[in-house]
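S.K.: If you follow the hints, you should be able to join the two separate chains into one complex; please do so.
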Amino acid sequence: MTTVYVPRDSGALSLGAERVAAAIRAEAVKRNIHIDLVCNGSRGMYWLEPLVEVATDRGRVAYGPVHVRDVVSLFDAGFLQGSSHPLCLGPTDDIPYLKNQERLTFARVGITDPISLDNYLAFEGYRGLRRALEMAPSAIVDEVTTSGLRGRGGAAFPTGIKWRTVLNTASDTKYIVCNADEGDSGTFSDRMIMEGDPFVLIEGMTIAGLAVGATQGYIYLRVEYPHAHRALNEAIEAAYQNGYLGKDILGSGKTFDLEVRLGAGAYVCGEETSLLESLEGKRGLVRFKPPLPAIEGLFGRPTVINNVISLASVPIVLDKGGEYYRDFGMGRSRGTLPIQLAGNINYPGLIEKAFGVTLREILYDYGGGSATGRPIRAVQVGGPLGAYLPESQFDTPLDYEAFSAIWAVLGHGGVVAFDDRVDMAKMARYGMEFCAIESCGKCTPCRIGSTRGVEVIDKIVRGVDRESNLKLLRDLSDTMLNGSLCALGGMTPYPVLSALNHFPEDFGASTAEKAA
Amino acid sequence: MAEHEWDREHVREIIHSNKDKPGALLPILHGIQDALGYVPADSVPLIAEALNLSRAEVHGVISFYHYFRNTPPGKRTVYLCRAESCQAMGSEVLEAHIKQRLDIDYHETTADGGITLEPVYCLGNCACSPSIMIDKEVHGRVTADTFDDLIKNMQVIAK
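Protein chains in written order, with my numbering: chain F, 114 to 629; chain V, 166 to 324.
Heads up, a few of these hints could be off.
To be clear about the criterion: a stretch of chain V counts as covered by chain F if any three or more of its residues have a C-beta under 8 Å from a C-beta of chain F, and this derived list gives those stretches [as the list claims (entries may be wrong)]:
# : region
1 : 182 to 190
2 : 223 to 233
3 : 276 to 288
Below, simulated BS3-like cross-link-like pairs (lysine-lysine); rule was C-alpha separation at most 25 Å, straight line [as the list claims (entries may be wrong)]:
# : chain 1 : residue 1 : chain 2 : residue 2
4 : V       : K184      : F       : K360
5 : V       : K240      : F       : K539
6 : V       : K301      : F       : K360
7 : F       : K395      : V       : K186
No lab work stands behind these hints, which were simulated from the structure alone.
The beta carbon of each residue, even a glycine, is placed where N, CA and C say it ideally should be.
With the rest of the complex left out, here is chain V (with noise of 0.2 Å):
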């Protein structure tokens, strides 16, 4: 796989800003993946050793929660919530459309490197279903033609 480049000074930052607070991990992870986007593979061996944990477990720390990835993202990720109130109203035509529409599967990158999709179990925005959350910003009532506007703006935004 081919390396990418990566700041391993902010990141020796940012463990060892968060090394000492108890259950250090996870905000560990979190600042990693805020800062680059992605938890790179190979700043697992210096999250290891600043925690005195093995290479495994932070490997498999990282492996376990959906959120955290190890290649990086497209520019702006967009969540596609699967859940049952989404559901209800009709997110499962939703899905069909923006996987047409972006040309890619759960879990993958448009070609351009400008969209990742993810699907998520729930947004907490079921009184307005369906919803996604695009990097951090929630929508609610998305349609087929609102999710395309959305789309419109970010390829404006990405330019």
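This is chain F alone, in the form it adopts within the complex (with noise of 0.2 Å):
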């Protein structure tokens, strides 16, 4: 029997996959033949969901963008033996787009089926947590110290320094808290493992429980996914069925349990304080630091909160050694970053690779250049609080220290392409305004600044006293980045200043102005 795989990925859903998927199966039944159809996660391609695959003996052949309307022209080319269509894009490890990445950890992503726990072990899933349960709490922390991880979720903070302060700080209830509230606009990685690969994410939690002493899990899910909603109780239902959560984890004696729990439309909430006010069931108000989460996090006890690439990067750590991972990557950034590469650009996706990469070649080499195949202008890296870099940085290496250096910021690892059209004071005042709707309100910094930045760069727009508002808007920047109390208002300056910085025509600027 053939195996056709159609992803269950919500961004192949949004192109029609489950419409391909039922025409598939019903062809199939028309033609009396039969099909085992697995709905897999997405390999990242965008640009060709729906991608259909079917396994031959040479491995697995690619067929992409598949409609509705080319399944009957697909069956009658024989695609079930993997035969030539105009559709067909071969051998899918071949495609280079996939071929040239680093995938570690997304190594399961598009190739199983996300929701089998038999899967995941056939793909090596659950070999971290077996080599876990035969250490001590202290050795799996060393272990992720020699990985090098670095928080994934934009702060980049080392993983096992925040992992060895919660293991030396006592307390009967510890908490594990996956941070899965991905609101930066431009990313999509946590979204595409929880709904590709779910059970590394709950391994993960796993083994941070059993390294710190936590029993206690809980993944805060931003409720505009409910797909990867959907994929996470279905996996975490197995993982207990099965032993892998619960009570007496394969018979070790640990307990770890594991629930979902949603958000509710607040960008803010995925600030690590703020997230643990939403969890208590309280407004998302960023808390003051100190104390840090690891000491007093999640109902004032001692809690690791990781964003979720990090928790779902400690399987392979775990598995192959922080050795391993540690050598991906270059200076301070070690492993991998799972890059995700989206706006207007040809060939939008998920491009894992070791750090290092430049932004040009994640750009051109991989995303083929703009959609529209005008010049790209700008790119914003990092999500809503990160910095838009011209053209003269595309040189930049994707890592922490390289990109602080030019007054910017990796974050989550999202990148966003704009064309020659796009009006740079008006993403400028785009930051401001996200500011605004979004700031919990608690630190006037942000809750003001935020309102009085629109209005500044309006004026600013209009050539309303032009130098003396340039002034106050930088002015008023500097006051967001050193007085507000977390990285909402403390960042906005970002995509402003940078958008000032290197685009000043777009703000009125004259030519005089621009060559002084």
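M.R.: Laid out in structure tokens, this is it:
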């Protein structure tokens, strides 16, 4: 019986994958052919979605993008044998976009059936947990420290140090919290993992629990991700039924319980202390730090709070060793980064690469330039609080320190391209507007500064007291940068000032001013 | 404001089955909104009493989160992404079209009670921009034409 793969990833579904799967099933019935249709995750090549794959003796062969109207002709051409067809892309693994990646965290995404535990086990799943069960908590933390893994949510704090703090803080109750509130626009790697390989996150959180002595975990998932919610709950259920969660995990006597909690559309709840408040059932107001969540986190207890990708990278670190993971990357940025390429780009998608690849390689070698065929003028890296980069900075390697040297951030690895029709003053204004909409309201620089910021940019664009208002905008940005309680107010100046610094002509600068 | 009918017993059940969870308020609010489409203002005292909170605290939480609403939505809710990737792919043109086509602004419902329009800041479908979500179904690479088709289908369903 031939196995056919049609993704259940929400990106593929948003382009009609479910209808394609139904059409393939119906056509097979009509032709009296038995097929096994597996709903996999996405390979991350979104311009080819819905991407249909067929298992052949030459490996998996890809067809895409497949629409319902193509299904009959695919059967006619013999796609179940991997035959040629105008939509045939050849063996999936030979597609350069995929072939040239280093997929560690995403090793299984798009390959396996996301909610099949058997499939997960067949593809090296739960090997990290089995190893961790034989190790002392401190040795697990050491392994993570050795890997050099830094928080993939954006702050890039060393994961091992965070875990060590929780391990060393005595308490009868500790928590593992997964930050799955992937609110940064232009990012979707958390979603892809949760939809495409939810067990790897569950395994990572279980290992974290063993490492620090926590028995309860929560995944705080944004409500905008209904498909991820379903996949996680199905996988958690399967893990419970097979002894991978709950009491006495794999006969070890260790306990770890896990539950998904939904957010409710507040961007600021991606900030760790605001998230903890929200999990406690309160308004998502940012907390003062210290105390750090590692000391006083959820319900006042020591808490590991990590991003989805950080936790999902732990199983491979435990399975293959911290040194294996550390050997990828450059400088102090070790391992790989799942880069999410989006916006005005020919080949948008998920590119997991070792740190060190340049932005230009991502935009052109992978992305194939803009979708509109016009020059790429600006690129925002790291979500709505990330800086806009001009063409002159495209050779910067993706590395935390290299980005901070040019007053930019890698953040969660989102890359959004804009062509030459973008109005950068409008993007700067949007940055302030977004901050005003999403501010939790606890600190003044963020709450008031963002609204004043919108007004000042409007005045600059209209040419009202331009010089003094530019000075005011910089002054205001300085207050927000240094006076805000968290990164929302504290980093909104990144998109605003980078737009102003690199694209002054959009803010009404004269040619003479630009030359100065 | 006119009082809408809602099933008090059902809401009590939702509160009862969640109230002993740690941090129970958000699960309760989700439960109620999933069941009724909104969190009625006069359900607040029931929630407050069960969780030993003040009504102000419960109201404060409901009003903090963009997703929770205290008025009934239309039969279907369209969430339109306003974030950068979608902007880079022309979401502002789509936004203008949708508002004109439905003759409503954000946070409003069409006169026939059919469709509510809400902004959303990223659906994580940035590689298929511009994106919208209708209830819990995400649609990618949406154009004015495909939006009109979706609306046509929705109107069929609404009948």
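S.K.: A separate judgement is required for each hint: does it hold in the structure or not?
M.R.: These are the hints, each one checked on the structure:
1. Taking a C-beta to C-beta cut-off of 8 Å, the region 182 to 190 of chain V contributes 4 residues in contact with chain F, enough for the three needed, and the coverage statement holds.
2. Here's how the region 223 to 233 of chain V fares: 7 of its residues keep a CB closer than 8 Å to some CB of chain F, so the rule of at least three is met and the hint holds.
3. With a cut-off of 8 Å between beta carbons, the region 276 to 288 of chain V has 4 residues touching chain F; three or more are needed, and the interface restraint holds.
4. The straight-line distance between the Cα atoms of V:K184 and F:K360 is roughly 24 Å, inside the 25 Å bound, and the hint therefore holds.
5. Restraint check for V:K240 and F:K539: not satisfied, since their Cα atoms lie roughly 34 Å apart, outside the 25 Å limit.
6. The suggested pairing of V:K301 with F:K360 is violated, with an alpha-carbon distance near 34 Å, which exceeds 25 Å.
7. Straight-line distance between C-alpha atoms of F:K395 and V:K186 comes to about 14 Å, which keeps the hinted pair within the 25 Å bound.
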